[in-house]
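Engineer: Whole structure, please, built from the sequences with the hints as guidance.
Chain by chain, the residues:
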Amino acid sequence: MDFHEYIMRAHHAGQLVIQPRLGVPDPREMAARLGALARLTIPVVGTLTVDSYTRVGDLTGARNAWQKGSSLNGFPLAMHPPEVVRWVVSHADSMPLQVRHGSADPRIVLRAARANGITASEGGPVSYCLPYSRMPLSQAVEYWREAVQDYSQPLAGEERPHLETFGGCMLGQLCPPALLVALSILEARFFEQCGISSISLSYAEQGHWGQDVEALQALSALASGYLSPESAVHLVQYSYMGVYPGTQRGALALGAESARKARAGGAHRLIVKTVAEAHRLPTLSENLSALEHASAAAADAPVEPNRTAHDIAADARRIVDATLALHDDVGEALIRAFAIGILDVPYCLHPDNRGDARSTVAEDGRVLWSDTGAMPLSTSRRTQKLTSTQLLAALTRISSHFDAATSTHRVAFIGVGPRNLSIIERIATRMRTYASEMPPVEILVIEPYSPGSGRIWRTNQPRELLMNTVCQEVTMFSGPQISGRDEPGAGRSLAEWWEQEHPETYMGGNSYAPRSLYGEYLEHVYSVCLASLRENVSVTESRTSVDTMSKVNNIWELRLRDGNVLEAETVVCGTGHPRAASIDNPDYVGDPKNSLLHGDSAADIPIDHVGSEQKVGLIGMGLSFYDLMARFTIGRGGTFIRTSNQELSYISSGAEPRIYGMSRSGLPIPARGRNQKSASYEYVPHVFNQANLKSANLEDVIRLLEMEVQIAHSMHFIDDREIFRQSLRRLPRQASAEDVHLLALEMGAEHAKLPPLKEMARPFSGIAFEDQTAWNSEILQFIENDVINAEIGNISDPLKSALDVIRDVRSQLRGFLEEGALSAEERSVFDQEWAPVLSLLTAGPPVDRVRELGALIRAGVVTICPPGTSIEKQTSGFKLRANSVPEYGVDVDHVIDARIQKAVWPSDRPDLVSHLIGTGFMRLWHIMDESGSYSPGGVDVDRGQRAIDRAGRVDPSLLVVGIPTEGKRWFTQVGSGRPGAWSDFTMQADKTAEVVISRAFTVAHQRSSDPERIAEEVTR
Amino acid sequence: MQVTLPEQAPRAVLATVSSDSHTWNLIYLQMVLEEAGLSVTNLGACTPVNEIISTLERTDADLLVISSVNGHGATEAVGLIQQVRASAYSTPAVIGGKLGCGDPKDGEIPQILTQAGFDAVYMDGTERAHSVIDFTEKIRQLVESHEIKRQGLSHGLS
Chain A
1 MDFHEYIMRA HHAGQLVIQP RLGVPDPREM AARLGALARL TIPVVGTLTV DSYTRVGDLT
61 GARNAWQKGS SLNGFPLAMH PPEVVRWVVS HADSMPLQVR HGSADPRIVL RAARANGITA
121 SEGGPVSYCL PYSRMPLSQA VEYWREAVQD YSQPLAGEER PHLETFGGCM LGQLCPPALL
181 VALSILEARF FEQCGISSIS LSYAEQGHWG QDVEALQALS ALASGYLSPE SAVHLVQYSY
241 MGVYPGTQRG ALALGAESAR KARAGGAHRL IVKTVAEAHR LPTLSENLSA LEHASAAAAD
301 APVEPNRTAH DIAADARRIV DATLALHDDV GEALIRAFAI GILDVPYCLH PDNRGDARST
361 VAEDGRVLWS DTGAMPLSTS RRTQKLTSTQ LLAALTRISS HFDAATSTHR VAFIGVGPRN
421 LSIIERIATR MRTYASEMPP VEILVIEPYS PGSGRIWRTN QPRELLMNTV CQEVTMFSGP
481 QISGRDEPGA GRSLAEWWEQ EHPETYMGGN SYAPRSLYGE YLEHVYSVCL ASLRENVSVT
541 ESRTSVDTMS KVNNIWELRL RDGNVLEAET VVCGTGHPRA ASIDNPDYVG DPKNSLLHGD
601 SAADIPIDHV GSEQKVGLIG MGLSFYDLMA RFTIGRGGTF IRTSNQELSY ISSGAEPRIY
661 GMSRSGLPIP ARGRNQKSAS YEYVPHVFNQ ANLKSANLED VIRLLEMEVQ IAHSMHFIDD
721 REIFRQSLRR LPRQASAEDV HLLALEMGAE HAKLPPLKEM ARPFSGIAFE DQTAWNSEIL
781 QFIENDVINA EIGNISDPLK SALDVIRDVR SQLRGFLEEG ALSAEERSVF DQEWAPVLSL
841 LTAGPPVDRV RELGALIRAG VVTICPPGTS IEKQTSGFKL RANSVPEYGV DVDHVIDARI
901 QKAVWPSDRP DLVSHLIGTG FMRLWHIMDE SGSYSPGGVD VDRGQRAIDR AGRVDPSLLV
961 VGIPTEGKRW FTQVGSGRPG AWSDFTMQAD KTAEVVISRA FTVAHQRSSD PERIAEEVTR
Chain B
1 MQVTLPEQAP RAVLATVSSD SHTWNLIYLQ MVLEEAGLSV TNLGACTPVN EIISTLERTD
61 ADLLVISSVN GHGATEAVGL IQQVRASAYS TPAVIGGKLG CGDPKDGEIP QILTQAGFDA
121 VYMDGTERAH SVIDFTEKIR QLVESHEIKR QGLSHGLS
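Protein chains in written order, with the numbering used here: chain A, 1 to 1020; chain B, 1 to 158.
These are computed hints drawn from the structure, not numbers from a lab.
Keep in mind it's a predicted model, so treat the numbers as computed, not measured.
DSS-like mimics (lysine-lysine), calculated; alpha carbons at most 25 Å apart, straight line:
| id | chain 1 | residue 1 | chain 2 | residue 2 |
| --- | --- | --- | --- | --- |
| 1 | A | K753 | A | K677 |
| 2 | B | K149 | B | K138 |
| 3 | A | K694 | B | K149 |
| 4 | A | K991 | A | K385 |
| 5 | A | K694 | A | K991 |
| 6 | B | K138 | A | K991 |
| 7 | A | K758 | A | K902 |
| 8 | A | K615 | A | K873 |
| 9 | B | K105 | A | K68 |
| 10 | A | K694 | B | K138 |
| 11 | A | K879 | A | K615 |
Structural biologist: Okay, here's the thing in structure tokens:
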């Protein structure tokens, strides 16, 4: 039966004709499939798709492949003997057949079709040249002209030769419908000119219901205006040609929508895809069920009234008119239209395509022009080009949408303190730009304390515990506020927020916020991020911790402390500081009134058992020492007042114990200089820079660091700093701090020399003191001097400004350490010997804390033990002894280890990271070389924070951030970003966010089959 | 993000193997490379090898990127890179995509391609191939090393 007649008959009966893509090399198999199609009771058109050798006219290639038994990707129509082909065709019975190919030069294929009695084919001089071939367009036009003129000759006893335009399918997707409609019409005009009078006009649905329906209606409207009334014309819709949903349900849903849309828009025929097509060539039964499914879906779909909302018809007419005006011959007009950009297919790389025009997908799914190039459209447009990420999102939008019906990407954030919050903030920020293209995401927040603040920054901790960074240098938003309200990527710093939300307690940008206040700020940031997430992102919170986790079929099963089990495709482990074992189970020595406690966050150390009349020894005089000191004094009702001579004095509450501070050096960590640096301050190192650090060893690093510190110090004693800077550049490569000093000396700086860093950190090393009194006055003097230096400030005071440089070059030092350039031995020495020195010299508390310490010493509440104090366990309590003071001996009731324990896994207390190391999902990071093997104690991750498992494989489903990665990363205890240029903290957060987001896409694609299919599918 | 390139941006030539008619992969990679700061000459579908070589010569490129998704990439790219290297182009070259057709021997492809002259292989199925971060970092390194080499050469000549 006549191809067109058959289709119109079904149409008048209210039925959509369905057509599969079909082509297998073996004649028997091909015949069987055609036979099965012909036996269906629904109206169906059969297909013979030729193989890729035949497509390019390489019949020898086809024959060789066939004889060698290699698989051909279609039916070699021109290779099989005519009687074989005729035998195959006979199985179609009365079902019409169409030959499909893809040839820029269709002469062989079309001749073979007619020679075998097949009178329907498809393609076009533009649509089979530009996307797939390198043939010049003018050449393709000539080949097509010759082939179609030949093909269109009527033969006695045969039906009218039919051709379908492929111009409505250019590149499969991301082509605005007006151009597709115009190209379909123009190729139809070309066919008419070559003698064809039975034509179908194609249109590949782009994904938006309304736009596609309007496009089909426009195609119909233009057909009656531009094509000859003598021609028989029908419309054919192609089911979505882009990346197809990978899930069965998603693919079926898209197939059904496609069929209903074809009917609604007035198409007569529908070319379908099968559910299996996402993965492989479909089987016969899959072909059949796809056809029946589509036919059933179309059966009850109403035809929609005309839509004209977006002027698709008007724009298509402009394009067609402008093209046809270029030449009377349509082929010549097409060539010229492409040459001057009246026709310009977005993303088409063919040299004859101008490539000025660009398209994009709007939020609602419509394909729009982002750049109209030179095309004669009703509106011209120049907007921003898509980014690569947006392109990928646009290409996978439909499959993601339909797959969403069945699956959501679940990302579990285990432990949501600052580190994971910073990642959530970057995800929220990035999602604001392309949330609608994202596969649906469920964020699982698992945090036993409040999400955002976590344990360390929880809001219910004692108010006297302060941060160690001034509030204006702290932010958790990755950019400054711009719209008058906080949004992800644009919000207030801690100082700005504090000033506006709690003006009554705000004391300026250089003051130190209580940790509980920072916790409140973090929770605010968290809620801002949550509020910004769109409807395809959901958040589920679990106020508990994860005990164990395991992987089942590539999905993580998280077993929660509360007994629930959660599943997630991706896990971001940000569990932070491990808890010290003895906090839950104190190591009581005899009487519980006498206890030894091991360190933890100062807020988490129980101190209520230490009575007011008792003595407590604190091991370590770092930041936690000051925190505990504050809790024992201010926290128990004591106050500080200024006396008439401006000295600080402590007013006892009577509830504080006697405190004994002890450490190896005898030195309480000195104050950080009062901040004089603005939030945007950036230090440019003189010598401690990337160039000098390249291929440095540990000795070089320390040498460069001491030089940098000495330079900063010398600057204060030199009049002509510019000349000094210039002379520094002339120092030899192996110069030392001593050389810097000598240079400064030459320029008259007599007092500029600083001791080596280690000496500064151990000022009392090797000194013996006559007695306790001598020591007391020595340490008090030291503390009072320190307060004076710190008050002068971290720019003005020579010493404090020099030491502050170590903070300023932390990023360079981090970069160096994370490159892994140190040998195992060197890194071990750095961690054991140098890291504590740098920390002692730079990580100081606010100067007020040190001033308070002085007052407490004077009040007799705090005693600093001499250097080298050791602890002896007694039957009741402990005895403190010191080797630097003869006959020193103090009895104390309790000892608290106030050193922040270096996180080392696996830990003595069950925790998630230890569990994952034990089960092989993570491994410790090691340096292994000829100098030995060394592990700082943290786990191994790649640059994207993805865990590396025991076998050395990167696990993209498990990310680890912050403290558990200490070692591979450095100085991960930083818990805040800085306003201004992104700090390492924020850069890391952004990078990790990118990994999480691209993982959501990757998983979505993998589910649908494999990622390269994106590229592969969309062109065919 | 609008990509504006400095005049002296490093130059990349982007192409595929001669049997591969897919283009979305090339379009996507062009964007990725441009966003990484390179200026890109995209040679489009079914690139003949001689066109790749003449373009390397004409543009004095810093990087050659080959992307293929039709499953014949591994076979054809060996000859491709050998011809490029035989023409005395030391331009860093990377290849990626669906390079094999699902054969059990596909695991050997990265090594074969590296031996043939590619500097990095991003083959489908390896996690590396799905990480834009790793890819852009690698090309940055390659371009940098090529620039250093180039500077070294020009110093040597002067």
